[in-house]
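Enquirer: In case you want the letters, here they are:
Protein chains: 6
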Amino acid sequence: MGRKPVEYSEASPAVLAVFDDIKSSRKVDDVNNFWKQLAYDPVTLKRTWESVKEVMAPGALDPLTKELIYLAVSVSNGCAYCIASHTAAARKAGMTDAMFGEVMAITGMANETNRLANGYRVPIDPAFDR
Amino acid sequence: MGRKPVEYSEASPAVLAVFDDIKSSRKVDDVNNFWKQLAYDPVTLKRTWESVKEVMAPGALDPLTKELIYLAVSVSNGCAYCIASHTAAARKAGMTDAMFGEVMAITGMANETNRLANGYRVPIDPAFDR
Amino acid sequence: MGRKPVEYSEASPAVLAVFDDIKSSRKVDDVNNFWKQLAYDPVTLKRTWESVKEVMAPGALDPLTKELIYLAVSVSNGCAYCIASHTAAARKAGMTDAMFGEVMAITGMANETNRLANGYRVPIDPAFDR
Amino acid sequence: MGRKPVEYSEASPAVLAVFDDIKSSRKVDDVNNFWKQLAYDPVTLKRTWESVKEVMAPGALDPLTKELIYLAVSVSNGCAYCIASHTAAARKAGMTDAMFGEVMAITGMANETNRLANGYRVPIDPAFDR
Amino acid sequence: MGRKPVEYSEASPAVLAVFDDIKSSRKVDDVNNFWKQLAYDPVTLKRTWESVKEVMAPGALDPLTKELIYLAVSVSNGCAYCIASHTAAARKAGMTDAMFGEVMAITGMANETNRLANGYRVPIDPAFDR
Amino acid sequence: MGRKPVEYSEASPAVLAVFDDIKSSRKVDDVNNFWKQLAYDPVTLKRTWESVKEVMAPGALDPLTKELIYLAVSVSNGCAYCIASHTAAARKAGMTDAMFGEVMAITGMANETNRLANGYRVPIDPAFDR
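Here the protein sequences line up with chains A, D, Y, F, W and B, keeping their order.
The numbering used here puts the last residue of the first sequence at 130; the count rises by one with no breaks.
The numbering used here puts the last residue of the second sequence at 130; the count rises by one with no breaks.
The numbering used here puts the last residue of the third sequence at 130; the count rises by one with no breaks.
The numbering used here puts the last residue of the fourth sequence at 130; the count rises by one with no breaks.
The numbering used here puts the last residue of the fifth sequence at 130; the count rises by one with no breaks.
The numbering used here puts the last residue of the sixth sequence at 130; the count rises by one with no breaks.
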């Protein structure tokens, strides 16, 4: 465990402003522990939240697809906190059990073939290398 | 570079059967170098192809979404061959420049927040841990 | 959990010699669990301790800078034990809260841009490639 | 190789504004290929540059220490582009040959002990777990 | 924690068929939690089991050697579940304490020299590049 | 590319002593590029060589098994130099084409199941957790 989370009641105005934006943007009653830890560094808290908000906003990809990609990367990296929080976020965005199973299968398979490509030292096909 | 790729003209019947299935399934004239290297081990070639075919078939997720996830994981892992081949595959499945940009942004952001969560040793919120 | 740690009272002379050197070098009353586990393999215990002692000794870089680098790599790799132990070691060497925040921010940002460079397949600038 | 870099002469106003800020902040005549690739996604270009600028500005840690940490993480992750560019950046910030050797030694040792801690499943010492 | 494991008494016929094959192939009374979780996706359960069974069968390498390699990779990746389960599997296949120590030492050393090779940007010797 | 390799004719006595020990221990006419790069830091060169020599010496595991494990970890980590050099070393120690195929298959499969275990958040079986 790291330090104790920074709670709303003890947050500085700079932290509160971010917490409030997270709560209103996500329509939640409280922020999750990730933000309560980053609150120890208000500059990183603000930059990270604004970056996440920008990256995860609907764009060429819809919010569910974005969450599935975020989850796949977190699973591949083995970050226990991120797997838990982004599984929850993806479910909230509409991920079904069947979708979860397929994201895991793809993540597993990509990790396998990534190593086969490494180990066999496969030269990049000219058709791909542009 | 690894060994020279196994070409169609020199492939064993077991390898040819897989090559032919790849070519007809993907409607391509030739298989890419990854398969020509795995051909050195026909058992791994067959298992890997059949696994990839099963995992990447349309299901709860459409083929484009599946390719985007595969690409994100390959980028996160830094596999140069896989990044090149799956960028090409994703483009063929419909990935636009805007989608590519968003997949990269999510992959980068997930890698960043995964480390922030690690370093701050964020405890998993009870609401996530089910 | 792995096996139970090897305690001072039950250590062989070869293990004791290393434990004693750790305790006197670091001016601590007991060695931490990492060494009590490596004690199951006295050859690895001795080699690892002597290597760590050599690498972390003051040199062109001061001990605090060295600990910050060690922590950043451990966070990037997601090793929970190492994050806990090297956070403590860095604090003991003088890491302030502000420094901790900056090390985390850099580690996160490096992980993000590493993936952006991978995914965009950025060619190395001739000016760098020497 | 990815797409051809976006050069100054063909950049949009949004991209030019970032390029100009990089050039004046770093006192360089041209931006390196990383930014010329990110220019394909001006939103990511701007966010990434502003984040890097904020994170790498002098603070509790000096610019050289920050570059050494960035380099160590990039080496640990095996990002060839990032290793080349951040080796150059660290040298520019004052990294000597001796410092380079020590950063590499620490990065290597941390990767080794991270795996020993994983494999021996070392329990976190109560003294660290706060 | 993820979802509750799928137990034998509540498994579908497709899942039961895999569970029974695992139990008879491995001569165990119950399957371990990994399979009880994959049971949420019977297609992935079946493909993964059949792939593992094929890959881990005696071949040019004996079962113990195969388990040692599986363990080394799992330790290198920092997967806590996999380290625990493959340590147990390797012990069952004959891994002694001395062998365990050597696998850990090699895994640690490879992780160290992998980073030294990255950081020093060592060019591949012509003699190796075939 | 990094700096130019340190050749025998320009090496310091401290470097020469290590080069000579590598050549006589391995019965080779020249050292490979990895050592010629580490020669920029004679302390790291000596420590790394002595550590590798100790770890890879015959023990409870034979030299071929040790090389297979080293190769598997290097492939899993995606270190191009290390994959090339340790494929060559393993072949010299007796690795056949069939063994190579099996090492790759295990490395790929371990990477896949490591991620499935991460993503499904599989709780460690009590029987394993000792």
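Hints may contain errors.
All copies of an identical chain are treated as equivalent in the list; a pair is satisfied when it fits inside any one copy or across any two copies.
[Stated by the list, open to error] Simulated pairs of lysine-lysine, DSS-like, Cα-Cα distance not exceeding 30 Å: (1) Lys-27 to Lys-4; (2) Lys-92 to Lys-27; (3) Lys-4 to Lys-92; (4) Lys-46 to Lys-23.
Hint data in this document are derived by calculation from the structure and do not stem from the laboratory.
Enquirer: Take the hints in turn and mark each one as holding or not.
Expert: Verification of the supplied hints:
| no. | hint | result |
| --- | --- | --- |
| 1 | Lys-27 to Lys-4 | both (24 Å within a copy, 29 Å between copies) |
| 2 | Lys-92 to Lys-27 | within (12 Å within a copy, 37 Å between copies) |
| 3 | Lys-4 to Lys-92 | both (27 Å within a copy, 20 Å between copies) |
| 4 | Lys-46 to Lys-23 | both (14 Å within a copy, 26 Å between copies) |
Violated hints: none; the structure is consistent with every hint.
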